[in-house]
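Full structure from sequences and hints, please.
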Amino acid sequence: MEPKIDFPRIPDSEFEDRITNVKNKMAQQKIDLLVAYSNAFDPGHVRYLSDVFGINEAAAMVIPLEGEPTVCSGQACQSWSEYKSRIKDVKILPEVGEVAGVEYMVGDMVNFQSFFKELKEKYSISKIGTVGALIFPQIIYAQLQQVFEGAEIVNAEPMIFEQRFIKSENEIACMRKAGEILDASFEKVVKKIEAGWTELDIQAEITAEILKGGAESTAASWEPMIPSGMEHSNLCMNRNSLRRVKESEIICLQAGALYEGYNAALNTPLVPGKIPEEIKRAVNYAFEAREAIISTLKGGVTSREANIAGKSVLARGGYQDHSPYEMIHNIGLLECESPWMTDEEDFVIPERAVVCIDAFLYRLPFGSFRIEDTMVVRADGVDRLTKFNNGFIPEYFT
Numbered sequence: 001m002e003p004k005i006d007f008p009r010i011p012d013s014e015f016e017d018r019i020t021n022v023k024n025k026m027a028q029q030k031i032d033l034l035v036a037y038s039n040a041f042d043p044g045h046v047r048y049l050s051d052v053f054g055i056n057e058a059a060a061m062v063i064p065l066e067g068e069p070t071v072c073s074g075q076a077c078q079s080w081s082e083y084k085s086r087i088k089d090v091k092i093l094p095e096v097g098e099v100a101g102v103e104y105m106v107g108d109m110v111n112f113q114s115f116f117k118e119l120k121e122k123y124s125i126s127k128i129g130t131v132g133a134l135i136f137p138q139i140i141y142a143q144l145q146q147v148f149e150g151a152e153i154v155n156a157e158p159m160i161f162e163q164r165f166i167k168s169e170n171e172i173a174c175m176r177k178a179g180e181i182l183d184a185s186f187e188k189v190v191k192k193i194e195a196g197w198t199e200l201d202i203q204a205e206i207t208a209e210i211l212k213g214g215a216e217s218t219a220a221s222w223e224p225m226i227p228s229g230m231e232h233s234n235l236c237m238n239r240n241s242l243r244r245v246k247e248s249e250i251i252c253l254q255a256g257a258l259y260e261g262y263n264a265a266l267n268t269p270l271v272p273g274k275i276p277e278e279i280k281r282a283v284n285y286a287f288e289a290r291e292a293i294i295s296t297l298k299g300g301v302t303s304r305e306a307n308i309a310g311k312s313v314l315a316r317g318g319y320q321d322h323s324p325y326e327m328i329h330n331i332g333l334l335e336c337e338s339p340w341m342t343d344e345e346d347f348v349i350p351e352r353a354v355v356c357i358d359a360f361l362y363r364l365p366f367g368s369f370r371i372e373d374t375m376v377v378r379a380d381g382v383d384r385l386t387k388f389n390n391g392f393i394p395e396y397f398t
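The sequence shown lines up with residues 1 to 398 when you count with the numbering used here.
Treat the hints as calculated values from the structure; they're not laboratory data.
In silico BS3-like links for lysine-lysine, alpha-carbon gap of 30 Å or less:
1. Lys212 <-> Lys191
2. Lys387 <-> Lys280
3. Lys274 <-> Lys246
4. Lys117 <-> Lys127
5. Lys117 <-> Lys88
Structure below.
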């Protein structure tokens, strides 16, 4: 008999609770209508509320305070949205369809203007919240202004991010699975990498293992980046190339796994062959800084306290000027999402926040690298969702 493999999933009841909680927040802020928009760049909000994400299309969600929510799908994704949605009402609206403006022979299609007019006839709407501030399309925003002339339109995105920040145990189970997939994939691939492989060779190997492990995507999470050598590793973000990795140079194996919409991230430095002492020293200080943050983290600790714990280690090693951003960030339906946690404010990190500790040392004499792991904040410390680095780095970089 094959062993049972646990693949958790968010239950329907949790999606119902999310809508209820959003409506409670709408009532508190006197918002009569909420319109959320998502695309491939930021699929999180609509997926959080409905489990729907567009494929080659966008998606939207409309929630009246007094009525039932509606998922808004493009034409090509109609059957996909109906299949995925945890929300009963799915409408087809061309404004979230393919950017090429392809016309499909589908029935019951409306545009946002007519849909908004329907809502105006049913409900009293004087304040509207939009979600998706960086990507919300002008064409939909203009129709809100036209139909609900005189209504106040506000950015309601912080309200949703606040709700998404503290994870349920079901969400944590999905993120734990994503972390397990990454750990197992790194265990299989890292020991095989050698000088002469191209960056794309390594990407192919790690991507295959992540998908075989049960992830739905790497591209929608942290697409594997394997910058090698000084020139490529100094690119903070990059795409892999046919460059062949060389002996005694830095490689950074970076990847994310998306499972049931939820992310985990894992970044590990590597050096084929003999490891130069300057690389060993830098990696060990970055690892120590990461551990200092982890030792400090627990529910109720501030972002200032946690970041300073890591930065003080880097300063002791003389690396403080090579750390270009804060070392703690939120993770969930996006690999990096709001709120960003800095040492310039006393932001309280709550229990059941899931965060990444990202020790990034940039533009050193040999190049750049990240050590990054995903973990849950608990009352008395952290619950590590990625564990590969714990054993690998201290042994590899001795």
